[in-house]
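Chemist: Chains U and F, in that order, give the protein sequences. Under this note's numbering, the residue at position 58 of the first sequence is numbered 58, and the numbers go up by one with no gaps. Under this note's numbering, the residue at position 30 of the second sequence is numbered 30, and the numbers go up by one with no gaps.
Just so you know, the hints here were simulated from the structure itself, not pulled from any lab data. Glycine included, each C-beta is placed from N, C-alpha and C at the ideal position. Keep in mind that a hint or two might mislead.
As the list claims (entries may be wrong) - Okay, the calculated bits of chain U under chain F, using three or more residues with CB under 8 Å as the criterion: (1) 107-118; (2) 121-130; (3) 140-153; (4) 168-179.
Claimed, not checked - Here are the computed distance ranges between Cβ atoms for each label pair: (5) E164(F) <-> S16(U): 44 to 52 Å; (6) D67(U) <-> H13(F): 13 to 21 Å; (7) A53(U) <-> G110(F): 50 to 58 Å; (8) A200(F) <-> S42(U): 40 to 48 Å.
Spelled out from the first residue to the last, the chains are:
2 protein chains.
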Amino acid sequence: MAYLPEALTELIHRLSRLPGIGPRAAERLALALIERDPTEVSALALALTDAVARVGHCPQCGCLSQDGADCRVCADATRERGLICVVESPLDSVALEKGGGFHGLYHVLGGAISPLAGVLPEDLSIAALLERVAGGEVRELILATNASPEGEATALYIRQELDELRERRLARGAEAITLRVTRLARGLPSGSQLDYADAATLQSALDNRTEL
Amino acid sequence: MAYLPEALTELIHRLSRLPGIGPRAAERLALALIERDPTEVSALALALTDAVARVGHCPQCGCLSQDGADCRVCADATRERGLICVVESPLDSVALEKGGGFHGLYHVLGGAISPLAGVLPEDLSIAALLERVAGGEVRELILATNASPEGEATALYIRQELDELRERRLARGAEAITLRVTRLARGLPSGSQLDYADAATLQSALDNRTEL
């Protein structure tokens, strides 16, 4: 891009590293940006640095929060404290919140167990989850990990850890925990066509068929 | 987006105002950005403000240039000084430079005549173009305005102004200017299919047919 000023080439290079933005889109974006009102571009630059500096993870659940405070879900007194949805990443909770149908709290694991990628159970916030459960207030845990092999393995691992926790408590005569452990339903995505569904999805839709 | 931290909502809002980025893409982008290495995001923010502050227009031709200097084309001693390509915007010269087949200089008009949009001939850098021509060094002017009604009108207007300039010089006995005025060819775009071409394009392809 020798025909462009260096500062512009640098901007295009930076933009093209963003997810979903290829070199062509980055160029179009950069050229449009420099023709814009400079105050608007400064506001964008400020919003960028501000968001990166201020947005972090909620100390309670690991969801996105600002300035180290509790996230909006944990801070909301109307949410059901006994219902915890366990997700892999903060983005999963964002997706669930968009639906608006979940009224409990979250617990972000920070990934899924994947020995090949070097992610072991101790790399995830599973110990913190067990602690929350041991507190006794939790009555249902929805294991909403991804429907991938890693997500499945993580859900199964947590299920086993919970069983062991229960046994340890029984062994030392502590009060038994009554806890429901569920996972998200498997089946056809809403609005999808049968002939586009893959075999595994169709099989789980069959296995989990419900009364009409 | 009450489920997101405010700093993130602000970033999404700013991103969604960029051309070609809708609200969904802005959200995906913002969520990806805050999970990134903060130094990379700071570099992007810096590149943004840097580009807006430093990239401007070449004092010679109006193309994109840096720190108020001449653009790379004008500064290139190997370019043909007698050949000037007249374009509406700096982005048009970027498109032409990508091809790499043009070896002259540029002249950016800053738009096209459009009385409805309130753009009059005096709003464009036509006077500066006539001055460059009056200098006597220019031997060909390629009027590369857009193939739109406004672009056509602008090219015709410049053609008339050049004729008047010639007459005025003749009237006061000055040396005659020998100047070729051309425009870009009209025809089928490369790689296009005949049955997808519109009627006006097909007609000009017929009118301007060449010997094989």
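Chemist: A separate judgement is required for each hint: does it hold in the structure or not?
Modeler: Comparing the hints with the structure gives:
1. Requiring three or more residues with a Cβ within less than 8 Å of a Cβ of chain F, the coverage given for the stretch 107-118 of chain U is violated, as only 0 such residues are present.
2. With 0 residues bearing a CB less than 8 Å from a CB of chain F, the stretch 121-130 of chain U misses the requirement of three and the coverage assertion fails.
3. With a threshold of 8 Å between beta carbons, the proposed coverage of the stretch 140-153 of chain U by chain F is violated, since 0 of its residues qualify and at least three are required.
4. Figure legend: the stretch 168-179 of chain U, annotated as covered by chain F; annotation inconsistent (0 residues with Cβ-Cβ distances under 8 Å, at least 3 required).
5. Here the CB-CB span from E164(F) to S16(U) is close to 47 Å, well matched to the stated 44 to 52 Å.
6. Between D67(U) and H13(F) the CB atoms are about 19 Å apart, so this pair conforms to the stated range of 13 to 21 Å.
7. Here the CB-CB span from A53(U) to G110(F) is close to 39 Å, at odds with the stated 50 to 58 Å.
8. Between A200(F) and S42(U), the C-beta spacing of about 43 Å keeps the proposed range 40 to 48 Å intact.
Checked against the numbered hints given earlier, this structure breaks hints 1, 2, 3, 4 and 7; the rest are met.
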